[in-house]
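Participant: Residue strings, one per chain:
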Amino acid sequence: KAGVTQTPRYLIKTRGQQVTLSCSPISGHRSVSWYQQTPGQGLQFLFEYFSETQRNKGNFPGRFSGRQFSNSRSEMNVSTLELGDSALYLCASSLELLGTGTPEAFFGQGTRLTVV
Amino acid sequence: LAKTTQPISMDSYEGQEVNITCSHNNIATNDYITWYQQFPSQGPRFIIQGYKTKVTNEVASLFIPADRKSSTLSLPRVSLSDTAVYYCLVGAYNAGNMLTFGGGTRLMVKP
Chain A
1 KAGVTQTPRY LIKTRGQQVT LSCSPISGHR SVSWYQQTPG QGLQFLFEYF SETQRNKGNF
61 PGRFSGRQFS NSRSEMNVST LELGDSALYL CASSLELLGT GTPEAFFGQG TRLTVV
Chain B
1001 LAKTTQPISM DSYEGQEVNI TCSHNNIATN DYITWYQQFP SQGPRFIIQG YKTKVTNEVA
1061 SLFIPADRKS STLSLPRVSL SDTAVYYCLV GAYNAGNMLT FGGGTRLMVK P
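Those protein sequences? They're chains A and B, same order as listed. Following the working numbering, the numbering of the first sequence begins with 1 at its first residue and continues without gaps. Following the working numbering, the numbering of the second sequence begins with 1001 at its first residue and continues without gaps.
Keep in mind the hints are simulated off the structure, nothing from the lab. No experiment lies behind these values; they were computed from the predicted model shown. Ideal placement from N, C-alpha and C gives every residue a C-beta, glycine not left out. It is possible that some hints are incorrect.
Lysine to any residue pairs mimicking SDA-like chemistry, simulated, CA-CA at most 25 Å apart [to be verified]:
1) A/K57 <-> B/N1030
2) B/K1003 <-> A/Q37
3) B/K1003 <-> A/Q44
4) B/K1003 <-> A/F106
5) B/K1054 <-> B/E1017
6) A/K57 <-> B/A1028
Simulated coverage check for chain B against chain A, where a stretch passes if three residues somewhere in it have a Cβ under 8 Å from a Cβ of chain A [unchecked claim]:
7) 1033–1043
8) 1099–1109
Whenever a hint applies, use it, and build me the whole structure from the sequences.
Facilitator: See the structure below:
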């Protein structure tokens, strides 16, 4: 079956702009979580969506937001981009909410965002 | 969340067995131990998960001693394609929690 698909793979934006990233989970998976990965901070959790509702949120400013649609596809939006937002953004899908015993989260290949 | 400690990096040669140990002294009774592998510019990939003793799948083995304060990921006969970062996660699946990755171990396999 198809894996987690993230689009676009690469993106270059200018400081101050906004960006929307997309994640299509594995068919049947209801949880989508988002992560930011930078060389300095490693992998950091942004938020998790389940049944169109945000269930968990990491320690990121309000410029980072997301949503999930009825087909479980999710989008992440970053407004007023800053240079420090340059990172690899990863999404992961799982059958159920993280923390309910599901052992495995499947990650997409990520979107490489560069803010100039 | 239980704090994990792994070596920052390891070197090995093709065909060797590689063992990566993770320390998690304050692991809770309900915590599982999970390992992920990540290649550059790709998302992490689940390798194996265990609770106690030994777990083996087609990719790796996971050894967990009785006190569960550490665990060892064993990769048999590594190849160049096993060069990656390996993350040990403990207690990542408590209710209302998220996946929290530590620094990981950068494994370099040489020819």
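Participant: Look at each hint and say if it fits the structure.
Facilitator: Hints, one by one, checked against the model:
Restraint check for A/K57 and B/N1030: satisfied, since their Cα atoms lie roughly 23 Å apart, inside the 25 Å limit. Distance restraint check for B/K1003 and A/Q37: the Cα-Cα separation of roughly 19 Å lies within the 25 Å cut-off, and the hinted pair is therefore satisfied. Taking the CA atoms of B/K1003 and A/Q44, the gap is near 15 Å; set against the 25 Å cutoff, the hint holds. Restraint check for B/K1003 and A/F106: the C-alpha separation of about 23 Å stays at or below 25 Å, so the hint holds.
For the hint pairing B/K1054 with B/E1017, the CA-to-CA distance comes to about 16 Å; that is within 25 Å, so the pair holds. The straight-line distance between the Cα atoms of A/K57 and B/A1028 is roughly 23 Å, inside the 25 Å bound, and the hint therefore holds. With 4 residues having a Cβ less than 8 Å from any Cβ of chain A, the segment 1033–1043 of chain B passes the three-residue criterion, so the hint holds. Here the segment 1099–1109 of chain B counts 6 residues with a CB under 8 Å from a CB of chain A, which clears the bar of 3, and the coverage holds.
Comparing the model with each earlier hint shows no violations; every hint is respected.
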